[in-house]
Amino acid sequence: MNLHTISVLVEDKPGVLTRVAGLFAARGFNIDSLAVGPTNDDGLSRMTVVVQVDRKPLEQVTKQLNKLINVIKILEHEPGEAVERELMLVKVKAGGDDRQRVMEIATVFRVNVVDVTRNIVTLEATGKPEKLEALLELLRDFGVVELARTGRIALARGDKGIRERSMKRAAGAEQVEHWSGGSV
Amino acid sequence: MKVTGAQAMFKALEGEGVDIVFGIPGGAILPAYDPLLDSSIRHVLCRHEQGAGHAAEGYAWATGKVGVAIATSGPGGCNLVTALADAKMDSVPMVAITGQVPTPVVGNDAFQEADITGITMPVTKHNMLVRTPGEVAEAIREAFHIASTGRPGPVLVDLPKDVLIAETTWEWPENVDLPGYKPTMKGNLRQVRSAARMILEAKRPVLYVGGGVIKANATKELFKLATDGHLPVVTTLMARGAFPDSHELALGMPGMHGGYAAVTAMQKADLLVALGSRFDDRVTGKLDAFAPGAKIIHVDIDPAEIGKNRQADIPIVGDAKDVIAKLHAELKRLQEEADGVPDRREWHATLKDWQERFPYRYDQQDDGPLKPQFCIERLYEHAQDAIVVSGVGQHQMWASQFWRFEKPRTWINSGGLGTMGFAVPAALGAAAGKPDERVIAIDGDGCFQMTAQELATSTTESIPFVTAIINNAHLGMVRQWQELFYEERYSQVYLSYDVPDYVKLAEAYGAVGLRAEHPEEVDAVIEKALSITDRSVVIDFRVDAKEMCFPMVPAGASNDDIITGPEGLRPVNDPAEAPVA
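Note that the protein sequences, when read in sequence, are chains A and G.
When the letters of the first sequence are read in order and numbered with my numbering, they come out as residues 1 to 184.
When the letters of the second sequence are read in order and numbered with my numbering, they come out as residues 1 to 581.
Hints listed in this document are in silico derivations from the structure and should not be mistaken for laboratory results.
Please note that a few of the clues may not be correct.
As the list claims (entries may be wrong) - Simulated pairs of lysine-lysine, DSS-like, Cα-Cα distance not exceeding 30 angstroms:
1. A:160 - A:13
2. G:11 - A:13
3. G:295 - G:186
4. G:546 - G:434
5. G:224 - A:56
6. G:186 - A:160
7. A:56 - G:286
8. G:203 - G:352
9. G:332 - G:295
10. A:56 - G:186
11. G:286 - G:504
12. A:160 - G:182
13. G:65 - G:182
14. G:295 - A:56
15. G:203 - A:13
16. G:186 - G:224
17. A:13 - G:295
18. G:504 - G:407
19. G:2 - A:13
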């Protein structure tokens, strides 16, 4: 089971989030993270879904997603071929001597301190998922009081936008399936 | 021109060419039932929304047009769910229109409120909640477009009461703008060429024809491909009638209760050409053991079907009509280059031998109990041109086995979902859509009782059809499994031969009730039934409850382990060996 990052370009219509999430749920897949927001195209939203699934069932899910009327395009990101980022807000116990140590960690990780009280430091961290994990690992020693993450977002590297890219083929498929990627 | 949302709804339905709808009014949909009085559209008042849903399906199966069902909010919509799920599984083009509570109280647990778009999301091809009267026409236009194109399916349009009442300016949307919906219709020519070459080179090819061929109206193209290429054809439960059963290349139905020749031809084939079929578990049996030596050409309009269950060697996404026509032209060209059809005499001789040695069979003794297969065979002899509709279970399998279908859209049943109770309302819909044709529902006694109320609709709306109840007093298929796989421990399968009294029940509904209990009565009863054309007829065939449906591939077993008759059974004493459904 691998983590896969999928970008889904959808029409901004009521219920579209439920339709996409429902498809994953109906096939028993766990969504690791899900981020939704508007795009540069009016009326279109982009979802970034991180899902834990094997290759073959993932292929079936992307095909089923493509069949949703409100889904315009799907792009599956190969590791390394996409820029992936996530934003995290974390509230850490940092009274007394700990405050200085937490601040030092913040500097090393180049993250912002957005709120400080007598006992608490709140950090705002942006970066690759691995960086956030590494940061969290260190902060846990002090005690994490509260944590909020946006979920991963991703853009494929290179010149093309999502709409110009061809639908990604599943690795290992012996034959290319010739179809436009539209729904049926 | 100013119209209300409800008027816009009917103008849009008329614009889509709808001539008949099936439904039941109620509170939230009430505003729509007033402009109905001024519309050219005929409304068939059903007795249960599930009945209206299956009637819309039966209409769509028989005519190829989109079936329409109308229901009110809450329970009305909920009662449509089974029919929608059925239409989704069997790719039946259908539009359901439901009333909804007024928009200001949506989400408020108002009287008769149900989140029907939420409920039906997984069982529809698409659905939508309309929020303003100006969007009604567009929503209905989109619904018909989505339901009838690509892989057909059900679409639900939810119309809140205030949207139906409020006024808007009438505008007919000429074009449908759905940027995320562009079905691939044309098959890729390069793939078609490779496929034709593969067919030419095959020693033991079989055309594995599914319901998609009928949906695509591609049966003429299929006939040319099969006959010019001299290719044997199996027609799945969904495709009965896609290729004439009387043709020497016809092998009949494959699958769990398919014929030995059809099942084994697929097992031994070196090439399966899947045309609008989906490698369903009822066809493949144990997937790992299915057609082990066969290469696969898979033609389907739905890319998600390709490679879902069995990897295709040559996948072709496209409409069956387009792809089969191209495949035929290409194969013909290759055959001309190669001086004719390849020599496959040995393969054809083998198939013929299997057909002769292992036909469907049963044993009707003159003085013995009435056999269900005998009733169906006699019905067929008397009414060969009829449109046959069935429910789900043993009677469905016997009907598919013993009726010989020559034309598409003469066989209507619930395949994928296996919906008991489908037959009576679907027969109503088929008869409404094909008023000049004889419609016969072959039903089980268990099935019949689930939706028999639509006989009242048949009588009051003057839409007659014949229902032949294969009454074995049991939930017969479940009984068969308990006999075979649960050591004859019968649990909750006995229904009774005479409760209800089906003859009296028919009469109570204004239909004619007839009964046959012995073989010598069968012909007379059928002749009587077929002589009545001004109202519905119900025949109570009281048949042998012990009769089982063969051949059978136990669920989860390999198709190589097909059991052709009761003598081939072995006791299953280890519960772990009992198949899973």
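Status of each hint after checking the structure:
1. Restraint check for residue 160 of chain A and residue 13 of chain A: satisfied, since their Cα atoms lie roughly 26 angstroms apart, inside the 30 angstroms limit.
2. Proximity of residue 11 of chain G to residue 13 of chain A is assessed by CA-CA distance (about 25 angstroms); at most 30 angstroms being required, the pair is judged to hold.
3. In summary, the hint linking residue 295 of chain G to residue 186 of chain G is supported, as the alpha carbons are separated by about 23 angstroms, within the 30 angstroms threshold.
4. Distance hint between residue 546 of chain G and residue 434 of chain G is unfulfilled; the C-alpha atoms sit about 36 angstroms from each other, more than 30 angstroms.
5. The suggested pairing of residue 224 of chain G with residue 56 of chain A is violated, with an alpha-carbon distance near 36 angstroms, which exceeds 30 angstroms.
6. This hinted pair checks out: residue 186 of chain G and residue 160 of chain A have alpha carbons roughly 27 angstroms apart, not beyond 30 angstroms.
7. Between residue 56 of chain A and residue 286 of chain G the CA atoms are separated by roughly 19 angstroms; this keeps the pair inside 30 angstroms, and the hint holds.
8. Annotation: proposed proximity of residue 203 of chain G to residue 352 of chain G holds, straight-line Cα distance about 16 angstroms (limit 30 angstroms).
9. Between residue 332 of chain G and residue 295 of chain G, the direct Cα distance comes to roughly 21 angstroms. Compliance with the 30 angstroms bound is thereby established for this hinted pair.
10. Simply put, residue 56 of chain A and residue 186 of chain G have alpha-carbon atoms about 26 angstroms apart, close enough for the 30 angstroms limit, and the pair holds.
11. Taking the CA atoms of residue 286 of chain G and residue 504 of chain G, the gap is about 45 angstroms. The hint is violated against a cut of 30 angstroms.
12. Proposed proximity of residue 160 of chain A and residue 182 of chain G is supported: the alpha carbons are some 22 angstroms apart, at most 30 angstroms.
13. With a C-alpha separation of about 20 angstroms, the suggested pair residue 65 of chain G and residue 182 of chain G falls inside the 30 angstroms cut-off, and the hint holds.
14. Using a Cα cut-off of 30 angstroms, the hinted pair residue 295 of chain G and residue 56 of chain A holds, with the two alpha carbons roughly 20 angstroms apart.
15. Between residue 203 of chain G and residue 13 of chain A the CA atoms are separated by roughly 52 angstroms; this puts the pair beyond 30 angstroms, and the hint is violated.
16. A threshold of 30 angstroms between alpha carbons decides the hint, and for residue 186 of chain G with residue 224 of chain G the separation of about 19 angstroms falls inside it, so the pair holds.
17. For the given pair, residue 13 of chain A sits about 43 angstroms from residue 295 of chain G by alpha-carbon distance, which is inconsistent with the 30 angstroms threshold.
18. As the CA atoms of residue 504 of chain G and residue 407 of chain G are separated by approximately 35 angstroms, the hinted pair breaks the 30 angstroms bound.
19. Proposed proximity of residue 2 of chain G and residue 13 of chain A is supported: the alpha carbons are some 27 angstroms apart, at most 30 angstroms.
Checked against the numbered hints given earlier, the structure breaks hints 4, 5, 11, 15, 17, 18 and satisfies all the rest.
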